[in-house]
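Whole structure, please, built from the sequences with the hints as guidance.
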Amino acid sequence: MVCRAHWRVIQPRVAVDAPERLFFDEHQWQTIEDATARIIPTDHQPGAREAAVVRYIDRYLSGIEYIYAAADGSGFLELDGHPAQSWTRRVEALRCAYSEGVRDLDRLSNEIFDSPFTELDEAKQDAVLVTLSGAPKPEPLGPGRAESIGTILQSASDHRLTFFNLLALHTRQGFYGDPFYGGNRDRIGWEVIGFPGPTSLRDTNDCSFSLESTYVTGKAWEDLIPHLRESAPLSTN
Amino acid sequence: MINRDVKSLQRKPDVVDVVIVGMGASGGTAAKVLSEAGLTVVGLDRGPWLSPQTHFSGDELKFLNRDYLGPDPALNPRTVRHDLNSKAEITSFSPVPQLVGGGTVHWAGWVPRPMPSDFKQRSLHGDIEGASLVDWPITYDELEPYLSKIEWEFGCAGLARSNKFEPPRSREYPMPPLPPTAFAAKFYEGCERLGINAYPFPIALASTSYKGREPANHTGFWNQFGDPTLMRSTTLTSFIPDALSTGRFELRPDCYVREVTVGSEGRAKGVVYVDAEGNEFEQEAKAVVLCLGAIESARLMLMSKSRYFPEGLANSSGYLGKNATFHETMWTVGLFDKDLHDPLYGYSGHQMNGGSFEFYETDESRGHIGGSVIASCTVAQPINWLHPGRPMWGQAGKDADRDFYNHAMAVELILHDMPQETNQVDLDPEVTDGWGLPVARITHKPHENDIRLATWQTNKNMEILEAAGAYRVLPTHLEKSTGNSFHQHGTARMGDNWSTSVLNEWCQAHDVDNLFVMDGSFFPTSTGVNPTLTIMAQAWRASEYLANIYARGRAE
Ligand SMILES: Cc1cc2nc3c(=O)[nH]c(=O)nc-3n(C[C@H](O)[C@H](O)[C@H](O)COP(=O)(O)OP(=O)(O)OC[C@H]3O[C@@H](n4cnc5c(N)ncnc54)[C@H](O)[C@@H]3O)c2cc1C
Numbered sequence: 000m001v002c003r004a005h006w007r008v009i010q011p012r013v014a015v016d017a018p019e020r021l022f023f024d025e026h027q028w029q030t031i032e033d034a035t036a037r038i039i040p041t042d043h044q045p046g047a048r049e050a051a052v053v054r055y056i057d058r059y060l061s062g063i064e065y066i067y068a069a070a071d072g073s074g075f076l077e078l079d080g081h082p083a084q085s086w087t088r089r090v091e092a093l094r095c096a097y098s099e100g101v102r103d104l105d106r107l108s109n110e111i112f113d114s115p116f117t118e119l120d121e122a123k124q125d126a127v128l129v130t131l132s133g134a135p136k137p138e139p140l141g142p143g144r145a146e147s148i149g150t151i152l153q154s155a156s157d158h159r160l161t162f163f164n165l166l167a168l169h170t171r172q173g174f175y176g177d178p179f180y181g182g183n184r185d186r187i188g189w190e191v192i193g194f195p196g197p198t199s200l201r202d203t204n205d206c207s208f209s210l211e212s213t214y215v216t217g218k219a220w221e222d223l224i225p226h227l228r229e230s231a232p233l234s235t236n
Numbered sequence: 000m001i002n003r004d005v006k007s008l009q010r011k012p013d014v015v016d017v018v019i020v021g022m023g024a025s026g027g028t029a030a031k032v033l034s035e036a037g038l039t040v041v042g043l044d045r046g047p048w049l050s051p052q053t054h055f056s057g058d059e060l061k062f063l064n065r066d067y068l069g070p071d072p073a074l075n076p077r078t079v080r081h082d083l084n085s086k087a088e089i090t091s092f093s094p095v096p097q098l099v100g101g102g103t104v105h106w107a108g109w110v111p112r113p114m115p116s117d118f119k120q121r122s123l124h125g126d127i128e129g130a131s132l133v134d135w136p137i138t139y140d141e142l143e144p145y146l147s148k149i150e151w152e153f154g155c156a157g158l159a160r161s162n163k164f165e166p167p168r169s170r171e172y173p174m175p176p177l178p179p180t181a182f183a184a185k186f187y188e189g190c191e192r193l194g195i196n197a198y199p200f201p202i203a204l205a206s207t208s209y210k211g212r213e214p215a216n217h218t219g220f221w222n223q224f225g226d227p228t229l230m231r232s233t234t235l236t237s238f239i240p241d242a243l244s245t246g247r248f249e250l251r252p253d254c255y256v257r258e259v260t261v262g263s264e265g266r267a268k269g270v271v272y273v274d275a276e277g278n279e280f281e282q283e284a285k286a287v288v289l290c291l292g293a294i295e296s297a298r299l300m301l302m303s304k305s306r307y308f309p310e311g312l313a314n315s316s317g318y319l320g321k322n323a324t325f326h327e328t329m330w331t332v333g334l335f336d337k338d339l340h341d342p343l344y345g346y347s348g349h350q351m352n353g354g355s356f357e358f359y360e361t362d363e364s365r366g367h368i369g370g371s372v373i374a375s376c377t378v379a380q381p382i383n384w385l386h387p388g389r390p391m392w393g394q395a396g397k398d399a400d401r402d403f404y405n406h407a408m409a410v411e412l413i414l415h416d417m418p419q420e421t422n423q424v425d426l427d428p429e430v431t432d433g434w435g436l437p438v439a440r441i442t443h444k445p446h447e448n449d450i451r452l453a454t455w456q457t458n459k460n461m462e463i464l465e466a467a468g469a470y471r472v473l474p475t476h477l478e479k480s481t482g483n484s485f486h487q488h489g490t491a492r493m494g495d496n497w498s499t500s501v502l503n504e505w506c507q508a509h510d511v512d513n514l515f516v517m518d519g520s521f522f523p524t525s526t527g528v529n530p531t532l533t534i535m536a537q538a539w540r541a542s543e544y545l546a547n548i549y550a551r552g553r554a555e
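Chains as they are written, first to last, in numbering that gives the first Met the number 0: chain P, 0 to 236; chain F, 0 to 555.
No lab work stands behind these hints: they were computed from the structure.
Careful: at least some of the hints might be erroneous.
As the list claims (entries may be wrong) - Below are the DSSO-like pairs computed for lysine-lysine, each with C-alpha atoms no more than 27 Å apart in a straight line:
1. P:K218 <-> F:K337
2. F:K285 <-> F:K337
3. F:K337 <-> P:K136
4. F:K268 <-> F:K11
5. F:K119 <-> F:K444
6. P:K218 <-> F:K86
7. F:K444 <-> F:K86
8. F:K11 <-> F:K479
9. F:K119 <-> F:K148
See the structure below:
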C-alpha cells in the first residue's frame, strides 16, 4: 500500500490535448457537449464548447487516472489505498449520474419537442434545461442590493449532487480549471474573464507565477489609515 | 532517540511520556513544547505527512473541488441536524483537512488576538436566555505572553498601533505587513468614508526574511491551497520540525486513532490506532494529549467508553460535546462597475489584508450583544469564486463572470456565536465512516442573538462596499450553520466547576488527571476572532504546565 505522501507520478493514457473519448459514447459526448455549451454559451467570445469542457468531463469519468495532477504538472498521481477505493466508487456514481442524465435530457426533449436533445435548437435546449433544473433561466445582474441567500461552503465537492448541478459545476470546472485536466483549452476560460492564470501548474509550484505587481505600493499606511496620520509617522510599504 | 523502524515490528510500541493525537495547530505546538522540555513524545495523525515543495501547487480542482487534503466526503462523512428531534442528514460540515500540520497547512493565516472581553462574557452580559454564557477560567492577561510567543515563534506580520482597539501587548509584531491588495485598498476607502478604523490584519506568514523563510509565494493560490514555499506559518514546516530535531519526538502519519484506553483507577493508559495497512496498535503513554479538533476530539472521547466512563471518557459531567460553537462565516460580496473602477484582482494576495475591530464590543443599541471582526477578503479562484446567488448558467452566468470576476471583493464577518447546551457533537446512531466507526453528528441551531448580530453586521458590510462604490452587493444571511468557517470550539469546555465543564484551566480533564485536550474544544465561549492563535497560545501554556508542573509532580 502506497501512502498519499508517496503516490507515484504516472503518465496518463492520452496526452493533454489528445481528442480521444475515454468514457462517453458518441451520443453521450455530443449531448453533454451541447448541454455544456448552454451552461457557458459561445458569444463574441468562446464558451464551453471551444474550451473542450466535454473532454474534461470525459476524462474525469474515465477512471481514477485523472483525479489529481502532480504538483509540478509532470503527470497524474497514482492513487492507492482507501482514497483509490473511494474515488473508484465516486467515479462510478458520477458515471451513472451522467448516463442517466443523458437519458433524462433525451426523454425530456422527446416529451416536449419530439426530438433528441442534440437535434434541438439552442432556445429549445434551454427550455429542456429549465425543466431539468426546476428553476427559471437565470437573469442578468442589475445594480443595487441583491436578495440575500443562506451561507454556503465555498469549496464545492460534487459528492451527492443531482445531475443538473453536476453539469453546471463540472462545466465551470472544465472552463476554468487548469488546462492539464483536459478542459480550458488554450486557457480560453481564463482569457474570457481576464484571469491571468499560470502558464502551467509548475509555475504555481515553483511560484514563478506571481501577482505581486497588482499590489498597491507607494502608498504610506498613513494614507490608508486616518488615525495614523494623527500619531507619529510610521513605515511606508 | 526513538527508532522509527520499531513500530512496524510490534503491535505495542514502547511506552512514552506523552502520546499526542492530531498533529495540527495545537498538536504541533504541544509536540514542540513537550519534546523541548525533555519528554519523549509520539505524535499520531490520521493524515499523510506531505512536503510542501513536492505536493503543493495552485491547482484549484485538486485542492478545492476534489478534496486532495481530505476529508473525503464518502470516507469521512458527518451528519447534521438543526435540533434534537430531527433526523440528521449526511453533509460535509466544517471539513478541516486531515494531514500532518492540520488546518495550518492550507489556512489563510489570520491571527487577530482575542479581546479581554472575550474571557468574561458572563460577567459582562449576565444570563442570556437560551445561551450558556460563562467566563473563561483564565484572563486575557494570563494568555497574553503566549499570544506573543506564538506570534514570534510561528511568525506573523502586522502593524503596531494601526488597530485603534488593539488589546495590550507585551511585544510588537515580528514582521511588517505586506502592501495592500487592490481590493484591500478599496476596503480602506469605504471604511474611511464611514469613519471606520480599518487596519492591516495580522497574518501568519513571513513578509520579510524570517527564520530561514522568505516571502516567496505571491501566486494568490493561498487560502485552501498548500503553500509550496515556507512563506506561510504552518506547524508542518515549523513546530513539528523543531520537535523532531530534539530527537525525543516520533511522528507517525497515516495512523487513525479510534480509542483512548483506560487503565486501572480510571486513568488514561494509551491510544489504539489503525495504520494505513490496517494493522492495529496500542501506544501507551504516561499522559495522553488530544488535539484532533473540537469535533473529532469529542467524537473520540465519546467513542472511548469504558467501565469507568460508560458515557464517554472524562464525561462524568455529561457536558462532553455540548456548547459547540462554529463561527459561521458571513460573506458580503461587492461587484464593481468595470467602466468606473480599476480591477480589484480579487484573487491576489493572501486572502485578505484589511480588517476592523470597530464593531467588536457590545453596544446594545445595535440590538445584540457581542460583535465580530470584519475583514476584506478575496473572492478566490475562477471555479469557486465567491458569488452568493450566482446565476448558474446561460448568458447571465457567463456575463456575471466576465463582467465582474476582476471587479469583485468580499467583506467577511466571523460570527461570534452564542454557546447553547443543545448545540452539540455526539455519535451518529446510524452512519459510520470508512472504518465502520460512528461519525460525528452535529446538532446546531443559531441563537436569536447570532441572527441579529449577523444581520446587523451584514448591513454594515453592505454599507462599506457601497461607500467604496460597489455596483451590486450580495449579502448572505444565517439560515443554518454550515461549518464554513472551519472553526470549531467548545465541546469540552474549560471551567472551575467539575459538574458543568470537562477541563480545567490547563486543558486537563477534571475526571482523568493524565488526559489533556488542547484543541478548540476547550473554549468556554466562542470569541469573535479566528481561533487558531488562541488555540495555539493556550496549547503552549497547557503543555508547559504538563511538562514543568504535572510531569515533575508525578515523577517525584
Ligand atoms: C480553509 C481554511 C482556512 C482557515 N483559515 C484560518 C485563519 O485564517 N485563521 C484561523 O485562526 N483559523 C483558520 N482556519 C481554522 C484552523 O485551521 C483551525 O482552527 C485549526 O487548525 C485548529 O487546530 P486544531 O489543532 O484544533 O486542529 P487541526 O489543525 O485541524 O488538527 C487536527 C489534526 O487531527 C488529526 N486527526 C483527527 N482525527 C484523528 C484521529 N482519529 N486520529 C488521528 N489523527 C486525527 C487530523 O488529521 C488533523 O491533522 C482555517 C481552516 C480552513 C480549513
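Practice prompt. Run the structure past the numbered hints and jot down the numbers of the failing ones, going up.
Written response: 2, 6, 8
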